[in-house]
Amino acid sequence: MVGMSLLRSAAAFAARLGPLKAGNNAANILARTIPRTNKVATRWGHGKKMFVVKPTNYYDRRFLHLLRYYILLTGIPVAVLVTAVNIFIGEAELAEIPEGYEPEHWEYYKHPITRWIVRNIYDSPVKDYEKVLAAIQIEQEKGDMRLMQLEVRRQMRHHGDGPWFHVATPDKGLIDNSPKSSPDN
Amino acid sequence: MPNDHDKAVYPEPPRQTPAVDKQTALPNPALILTKLFYYTVDLPVTTFRDTIDSIRSKNKLVYYHQKFRRVPYLTECQEGDFTCYYEADMQWRRDYKVDQEIVKVVQERMKACQQREGHSYQQNCTKEIQQFNEVTKNFQSRYGDLGAYANAKKCLMKQKERMMAAQAQSA
Chain A
1 MVGMSLLRSA AAFAARLGPL KAGNNAANIL ARTIPRTNKV ATRWGHGKKM FVVKPTNYYD
61 RRFLHLLRYY ILLTGIPVAV LVTAVNIFIG EAELAEIPEG YEPEHWEYYK HPITRWIVRN
121 IYDSPVKDYE KVLAAIQIEQ EKGDMRLMQL EVRRQMRHHG DGPWFHVATP DKGLIDNSPK
181 SSPDN
Chain B
1 MPNDHDKAVY PEPPRQTPAV DKQTALPNPA LILTKLFYYT VDLPVTTFRD TIDSIRSKNK
61 LVYYHQKFRR VPYLTECQEG DFTCYYEADM QWRRDYKVDQ EIVKVVQERM KACQQREGHS
121 YQQNCTKEIQ QFNEVTKNFQ SRYGDLGAYA NAKKCLMKQK ERMMAAQAQS A
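Chains A and B, in that order, give the protein sequences. The first sequence runs 1 to 185 under full-length UniProt numbering. The second sequence runs 1 to 171 under full-length UniProt numbering.
So that you can see chain B by itself, here it is in the shape it has in the complex (with noise of 0.2 Å):
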């Protein structure tokens, strides 16, 4: 079976179901639907998968995420030097693409982390929260207002202006 999610991640509250404390003799339907769902659906499913599984096991595929070198940043490209500002943009836009996806798994905690909490997130979630604030407005500032043409020339100008602004600011 696939694995599950990482539990340390994402813990799950305890469980409440109360102790069994049987009052009438009538049999409970909830237990005879769940019965009723477990022999008609999940075994099935279930023993169609480990099926499946058996005979895949013979020959397992296996595939790895792809490590890149780092190259030379833009700023330490000669002037003119094509080759080098296309090397420094391909690594600028898989950078890009690794900071979508880290946004991306900040915002799964703190939504996974307020489906837990309930009513009560905003007191309980409050490290997720501020991780996700700081997180977000990190890549805006970055990335923020590039457009879908970015590359990594114009990410630059907006580093130049952000100093620029700061140092503005500053004195």
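With the rest of the complex left out, here is chain A (with noise of 0.2 Å):
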């Protein structure tokens, strides 16, 4: 009895050291126990919200994000254009070529695709044909050309008589035969 009141006066001694804490109240101090957090709570339910500390994903799922963005933006056009051609259009079929007909040269392309580029970008084939066919006549004229040169300037080389190898010689009227023109001087 004399010791409790001996530690009552304690407790109020050391509150009156720190009056302003919280839970130093007198009272508290002699009857403080570990103070329960969790008793509010008296179902258990997601539990506690905890705050993850974890890196940024920010810019790889930025860069995912743009990345099929970018593919779809062209890639669902060309494949809903695909589709539709396949469906809609549909490949050509095999057939004998009729008489005294000359198909054009699409025609030979079996893809409905295929023939759109063959008859709108790419030249035909026989226009392709002419155009090394044209590029091989004149390298062979170029060639041609160049063998005939050098032949040309053997012989006249060797006749002596060719315009090529022409000494230019000072005009005959040039002449002065003044000092020639009496014999005893």
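Take the hints with a grain of salt, since some may be wrong.
[Stated by the list, open to error] Heads up, simulated DSSO-like pairs for lysine-lysine below, C-alpha to C-alpha not over 30 Å straight-line:
| id | chain 1 | residue 1 | chain 2 | residue 2 |
| --- | --- | --- | --- | --- |
| 1 | B | 104 | B | 137 |
| 2 | A | 127 | B | 35 |
| 3 | B | 127 | B | 153 |
| 4 | B | 67 | B | 35 |
| 5 | A | 127 | B | 153 |
| 6 | B | 67 | B | 158 |
| 7 | B | 154 | A | 142 |
| 8 | B | 127 | A | 127 |
| 9 | B | 35 | B | 154 |
| 10 | A | 142 | A | 127 |
| 11 | B | 97 | B | 127 |
| 12 | A | 131 | A | 110 |
| 13 | B | 7 | A | 110 |
| 14 | B | 35 | A | 131 |
| 15 | B | 22 | B | 35 |
| 16 | B | 154 | B | 7 |
| 17 | B | 153 | B | 111 |
| 18 | A | 110 | B | 97 |
| 19 | A | 110 | B | 58 |
| 20 | B | 160 | B | 104 |
| 21 | A | 110 | B | 153 |
| 22 | B | 153 | B | 104 |
| 23 | B | 97 | A | 131 |
| 24 | B | 97 | B | 35 |
| 25 | B | 7 | B | 67 |
| 26 | A | 131 | B | 154 |
| 27 | A | 110 | A | 127 |
| 28 | B | 153 | A | 142 |
| 29 | B | 7 | B | 22 |
| 30 | B | 60 | A | 127 |
| 31 | A | 110 | B | 60 |
| 32 | B | 104 | B | 58 |
| 33 | B | 7 | B | 104 |
| 34 | B | 7 | B | 137 |
| 35 | A | 110 | B | 154 |
| 36 | A | 110 | B | 67 |
| 37 | A | 127 | B | 67 |
| 38 | B | 153 | B | 97 |
| 39 | B | 153 | A | 131 |
| 40 | B | 154 | B | 67 |
These are calculated hints, taken from the structure and not from any lab test. Given the structure is predicted, the values throughout are model-derived calculations rather than measurements.
Hey, can you piece these two chains together into the complex? The hints should help.
Next up, the structure:
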């Protein structure tokens, strides 16, 4: 009983030492136990909300989003176009060439998109062939010209009368014959 | 539906399914499975194909196989006429492709025959095997070791070597 009054006076003294701190009430110090903060929740729901510290995935998600966006921006129209062409126009069927008919150069292909490209974008294979033949002919003529030039040079040098090997001499009207015109001088 | 293969070239062996001789009252599981497959896979696919074909049949496109004119061969060209050389080379390349396809077709026939006959193929497919051997021997002798950069001139030189060898052998 005396100890209790001693303790109580000691608690009052400690409370006076730190009066502003909460829980330092004189009555509280004596009866203070470990405070239970989870006493408030009566049922367990999602648990306590945690702030998880992890590195950012903002840049990764942004990259993947942009990747999908730019791929599908042209990917979806192209896929829709190709599907529509395959369903509504369809591939060509093989047939015998009718008598007296010369097919256009795009009528030798099966898929309609290939036919369109060959018709509108590419040159006809006849034109390509002729382009190659023209290049070959130009080079052939160049080579033949060079060989002929060498041959002509050889002949002119050999016979001595070719215009390429003339040495220019002065005009004979410029010769002054007066020193030799009178014999005894 | 697309055309079936040519039945004259690739004949099918006679069917050997036995006559139905049911001895139990139980249902045949094979029959059940075939009917299941038919209703779940075959019928939807066929109807899909038929609807697409009916949509497509309004504009039918046709394509042809191109026929090329024959031009003078390399042996009929003047010397130094490079345009003639080029045309002969292109013709030789087209003929090379055609010969490759011929060999493939003959090989296909022999393979089909072997598949059909089973273990007795050596005796039943003699015509196909003999045709294949002949075609491949000729192809090898004409285009054999020309390599990837083959052209008409190299093939002509090979032919010259062949003729020289034949002459040396006969002499």
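Consistency of the hints with the structure:
A hinted pair counts as satisfied when its Cα atoms are at most 30 Å apart, and residue 104/B with residue 137/B qualifies at roughly 14 Å. At roughly 57 Å between alpha-carbon atoms, residue 127/A and residue 35/B are farther apart than 30 Å, so this suggested pair is violated. With a C-alpha separation of about 35 Å, the suggested pairing of residue 127/B with residue 153/B is violated against the 30 Å cut-off. For the proposed pair residue 67/B and residue 35/B, the alpha carbon gap of about 48 Å is over 30 Å, so the pair is violated.
Note on residue 127/A and residue 153/B: the hinted pairing holds, with a Cα-Cα distance of about 25 Å set against a maximum of 30 Å. A hinted pair counts as satisfied when its Cα atoms are at most 30 Å apart, and residue 67/B with residue 158/B qualifies at roughly 28 Å. Annotation: proposed proximity of residue 154/B to residue 142/A holds, straight-line Cα distance about 26 Å (limit 30 Å). Taken as a hint, the residue 127/B and residue 127/A pair is broken in the structure, with Cα atoms around 45 Å apart against an allowance of 30 Å.
Straight-line distance between C-alpha atoms of residue 35/B and residue 154/B comes to about 61 Å, which puts the hinted pair past the 30 Å bound. For the suggested pair residue 142/A and residue 127/A, the alpha carbons sit about 22 Å apart, so the restraint of at most 30 Å is met. A threshold of 30 Å between alpha carbons decides the hint, and for residue 97/B with residue 127/B the separation of about 25 Å falls inside it, so the pair holds. Annotation: proposed proximity of residue 131/A to residue 110/A holds, straight-line Cα distance about 26 Å (limit 30 Å).
Between the alpha carbons of residue 7/B and residue 110/A the distance comes to roughly 25 Å, so the proposed pair stays at or under 30 Å and holds. Using a Cα cut-off of 30 Å, the hinted pair residue 35/B and residue 131/A is violated, with the two alpha carbons roughly 61 Å apart. As the CA atoms of residue 22/B and residue 35/B are separated by approximately 18 Å, the hinted pair is consistent with the 30 Å bound. Between residue 154/B and residue 7/B the CA atoms are separated by roughly 40 Å; this puts the pair beyond 30 Å, and the hint is violated.
Only pairs whose Cα atoms come within 30 Å are accepted, and residue 153/B paired with residue 111/B is rejected, the gap being roughly 34 Å. Simply put, residue 110/A and residue 97/B have alpha-carbon atoms about 19 Å apart, close enough for the 30 Å limit, and the pair holds. Pair hint residue 110/A plus residue 58/B holds up; C-alpha atoms about 17 Å apart against a cutoff of 30 Å. Among the hinted pairs, residue 160/B with residue 104/B is consistent with the structure: their alpha-carbon atoms are about 27 Å apart, no more than 30 Å.
About 34 Å separates the Cα atoms of residue 110/A and residue 153/B, which puts this hinted pair outside 30 Å; it is violated. Among the hinted pairs, residue 153/B with residue 104/B is consistent with the structure: their alpha-carbon atoms are about 25 Å apart, no more than 30 Å. At most 30 Å may separate the alpha-carbon atoms for a hinted pair to count; residue 97/B and residue 131/A meet this at roughly 23 Å. At most 30 Å may separate the alpha-carbon atoms for a hinted pair to count; residue 97/B and residue 35/B exceed this at roughly 46 Å.
Restraint check for residue 7/B and residue 67/B: satisfied, since their Cα atoms lie roughly 27 Å apart, inside the 30 Å limit. For the hint pairing residue 131/A with residue 154/B, the CA-to-CA distance comes to about 25 Å; that is within 30 Å, so the pair holds. Using a Cα cut-off of 30 Å, the hinted pair residue 110/A and residue 127/A holds, with the two alpha carbons roughly 21 Å apart. Restraint check for residue 153/B and residue 142/A: the C-alpha separation of about 23 Å stays at or below 30 Å, so the hint holds.
This hinted pair does not check out: residue 7/B and residue 22/B have alpha carbons roughly 33 Å apart, beyond 30 Å. Taking the CA atoms of residue 60/B and residue 127/A, the gap is about 28 Å. The hint holds against a cut of 30 Å. In summary, the hint linking residue 110/A to residue 60/B is supported, as the alpha carbons are separated by about 11 Å, within the 30 Å threshold. With a C-alpha separation of about 36 Å, the suggested pairing of residue 104/B with residue 58/B is violated against the 30 Å cut-off.
Proposed proximity of residue 7/B and residue 104/B is supported: the alpha carbons are some 18 Å apart, at most 30 Å. Our distance criterion of 30 Å between C-alpha atoms is met by residue 7/B and residue 137/B, whose separation comes to about 28 Å. Between residue 110/A and residue 154/B, the direct Cα distance comes to roughly 34 Å. Violation of the 30 Å bound is thereby established for this hinted pair. A threshold of 30 Å between alpha carbons decides the hint, and for residue 110/A with residue 67/B the separation of about 16 Å falls inside it, so the pair holds.
A distance of roughly 17 Å separates the Cα atoms of residue 127/A and residue 67/B; the hinted pair therefore holds under the 30 Å criterion. Straight-line distance between C-alpha atoms of residue 153/B and residue 97/B comes to about 16 Å, which keeps the hinted pair within the 30 Å bound. For a cut-off of 30 Å, the pair hint linking residue 153/B to residue 131/A stands: about 22 Å separates their Cα positions. In summary, the hint linking residue 154/B to residue 67/B is supported, as the alpha carbons are separated by about 25 Å, within the 30 Å threshold.
In the structure shown, a violation is registered for the earlier hints numbered 2, 3, 4, 8, 9, 14, 16, 17, 21, 24, 29, 32, 35, in ascending order.
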